[in-house]
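As you go down the protein sequences, you meet chains A and B in turn. With the working numbering, letter number 129 in the first sequence gets 603, and the count goes up by one each step, no holes. With the working numbering, letter number 212 in the second sequence gets 216, and the count goes up by one each step, no holes.
Keep in mind that the hints were calculated from the coordinates and are not lab data. Mixed in with the good hints, there may be bad ones.
Claimed, not checked - In the DSBU-like style, the derived pairs of lysine-lysine whose C-alpha atoms are separated by at most 35 Å in a straight line are:
1. B:411 to B:329
2. A:484 to A:667
3. B:305 to B:149
4. A:564 to B:126
5. B:149 to B:411
6. B:305 to B:167
7. B:411 to B:167
8. B:117 to A:564
9. B:167 to B:149
10. A:515 to B:202
11. B:167 to B:29
12. A:515 to B:29
13. B:411 to B:338
14. B:117 to A:515
15. B:117 to A:484
16. B:305 to B:329
17. A:564 to A:515
18. A:667 to A:564
What the hints assert, rightly or not - Covered stretches of chain B, going by a simulated chain A footprint (3 or more residues, C-beta under 8 Å):
19. 63 to 76
20. 97 to 111
21. 174 to 184
Stated by the list, open to error - Beta-carbon label-pair distances, calculated as ranges:
22. B:129 to A:558: 19 to 29 Å
23. A:558 to B:153: 49 to 59 Å
24. A:480 to B:101: 27 to 37 Å
25. B:26 to A:542: 53 to 63 Å
Where is the CB? At the ideal position from N, CA and C, for every residue including glycine.
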Amino acid sequence: MAELDESGRKLTIKLVYYGPAMSGKTTNLMRLHDLLSPDSKGEIMTLETKNDRTLFFDLLPLGFHTTSGWLIKFKLYTVPGQVVHDATRKAVLSRADGVVFVADSQRSQGINNAESFQNLEENVRRVGLSFDTLPMVVQFNKRDLPDVLTEEEIRTRWSAAPWSLMMASALTGPGVRETFVKLLEAVYPILDKSFSLSEVHGTDARTFINAVTGETLGNPG
Amino acid sequence: MEIRARGYDSALSLRELLSGVVPDKLSPALTVLLGAPPRVVSANGSWVMGDTPPLAANARRMPLTHDLETVGYLETTAKDEARVRAVTVILESFMRLGARYFMASEMHIEVVKSDYEELQRKHAALAESEARYRELAENLVERVKEQVQTIESAHRQLYQTEKLASVGQLAAGVAHEINNPIGFIRSNLGTAQSYVMKLQSVAESIKSSGNAGLVSAWQTADLDFVLEDFPSLLQESLAGANRVARIVSDLKEFSTVDQIEDEMVNLNDNIRSACNVAAHQINDHADLELTLGELPPLRCKAGHLSQVFLNLLLNAAQAMSKRGKIRILSHVEKDRIVILFSDTGCGIPPEVMPRIFDPFFTTHDVGSGTGLGLTVSRDIIIAHGGNIEVSSEPNVGTTFTIHLPIKRENP
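Let's have the full structure, built from the sequences with the hints guiding it.
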């Protein structure tokens, strides 16, 4: 649940990149850091082990000021994908406002994707969130690699799921920003309902998304 | 910002962010770099590190940013823009390291706590399971013994029930077959008695008729004796027939042993019919003395209790080395019916006493008894909520005492 600081005029929104080990969650964050240009953008804080595997989490802070003078702050987290770090995943997931599930498109990774997704489902329940209401986007990453599932195969398999499916290649960039925007689109209505973003802060969905991504107003192209 | 909620993603104060540096060493170092003393204050202006107030009027103020927000300021009179900027970067780097350490440690605590709780939960489950198994192991012998007893008891019941059922069927069949002929035998004997009386009435007129041939034939045949003896023969036969009829009726009583339902009976009736059924085996060995007190009606499996009485009677009869006496007493004590079977037989030797209720234990020769009589008797009494006790003295006699609770009949 987003954190409202009335006295500090600040709203903090937590978004989590979840998924199996080595699926490219940290790479997503690094690419976003390069691609986005909001009002304020922090450095990525990584807590990794020696061999570049995420130990606890990565954190990318982003933010912008509304016309009403409030700071809307985004904290983008990744979870450690390795199975043993389940307690950490649970801790990072708690109070999340939205989730990107980063799946590995390689054919060999089907089981890892499925197990991780099941783990997400369990942890969502354990931290008191609901799969029915939690905004979520599913990203199939590593489209640039050979021997990946075709988009058609993926869309057929996930046709019954309610979440947006995004194809991405985090290493080179395509799809990373689009995935993030898709998640913002899903998160905005809930935030607007809770905090009257549109009425009180003069921030409609378009303004909201453009402000986070750093698009110039009225010029999305 | 001095007070913060715990948790890896909680907001941090400048003081916390700089908790990793030693101000006494850093401040002089920064003074060297700036060429003037630095002072670090938090966002609300409170002093954190460096030179103490008051500060010169021409001091500059540079915001220190962490996590997109200004959490404090660097104040200095240094003029060189580049140096001031460099010191700001150095301070922010320290703050960043502090935050990184803080978040890692908070996350570590959270994970350790969560893992520990999980461990505790598993430990508790394991301890519970272990306790269950230990309890099971401790009680295993006892439980097996219980099971064996249950099976043995069920086995005996089955054996007895089948035996009683077949005896009952036989008894019912025999009783039915005998009832008819004994009916007309008794009726005919009565008629025969009246015929003899008629013959007697004509005897005098024949003897005084003066017909020498007739009188001589009468005397040769000794019909005087015949006419005198005939009524008593018939009377004895009638008595015998009546006894047969009574035994048949008692047999029918026993033929109901396979009835499972409870019935209301006066146990004295059951004692009497047991005595009748056993009379043949008892009469040669002992005299029977019944002292039956007033008993309330009892809801019970009457056939089974009759079987108990019969068992005890036959045991008593078999215990007689010479002719003796069997006494049966019944009376009420408080809320229980008490029935005693005493005999003046050979008694039970002390070494045998503990085993008399054991299944298949018998002192009789092979084939003459199953060794189940007392076992089943006790089972039956216990099934009625009662108990059976025995006291015995060798060569003096044995007494079995049965206590049965009087169950109130449900309206």
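Each hint tested on the structure:
1. B:411 to B:329: Holds: residue 411 of chain B and residue 329 of chain B sit about 32 Å apart, inside 35 Å.
2. A:484 to A:667: Given that 35 Å is the threshold and the Cα spacing comes to 17 Å, the pair holds.
3. B:305 to B:149: Since the Cα atoms of residue 305 of chain B and residue 149 of chain B sit roughly 28 Å apart, the hinted pair holds (cutoff 35 Å).
4. A:564 to B:126: holds, 18 Å
5. B:149 to B:411: The hint holds at about 31 Å.
6. B:305 to B:167: holds, 16 Å
7. B:411 to B:167: holds, 28 Å
8. B:117 to A:564: The given pair, whose Cα atoms are some 12 Å apart, holds under the 35 Å limit.
9. B:167 to B:149: Answer holds: residue 167 of chain B to residue 149 of chain B is near 27 Å, not above 35 Å.
10. A:515 to B:202: violated, 143 Å
11. B:167 to B:29: violated, 105 Å
12. A:515 to B:29: holds, 32 Å
13. B:411 to B:338: holds, 12 Å
14. B:117 to A:515: holds, 33 Å
15. B:117 to A:484: holds, 30 Å
16. B:305 to B:329: holds, 29 Å
17. A:564 to A:515: Measuring from Cα to Cα gives roughly 26 Å; hence the hint holds.
18. A:667 to A:564: holds, 26 Å
19. 63 to 76: Held - the region 63 to 76 of chain B has 3 residues with a Cβ nearer than 8 Å to chain A, which meets the minimum of three.
20. 97 to 111: With 6 residues close enough to chain A, the hint holds.
21. 174 to 184: With 0 residues close enough to chain A, the hint is violated.
22. B:129 to A:558: 19 to 29 Å: holds, 21 Å
23. A:558 to B:153: 49 to 59 Å: At 54 Å between Cβs, range holds.
24. A:480 to B:101: 27 to 37 Å: holds, 31 Å
25. B:26 to A:542: 53 to 63 Å: Roughly 42 Å apart at Cβ, these two residues miss the hinted range, so it is violated.
Checked against the numbered hints given earlier, the structure breaks hints 10, 11, 21 and 25 and satisfies all the rest.
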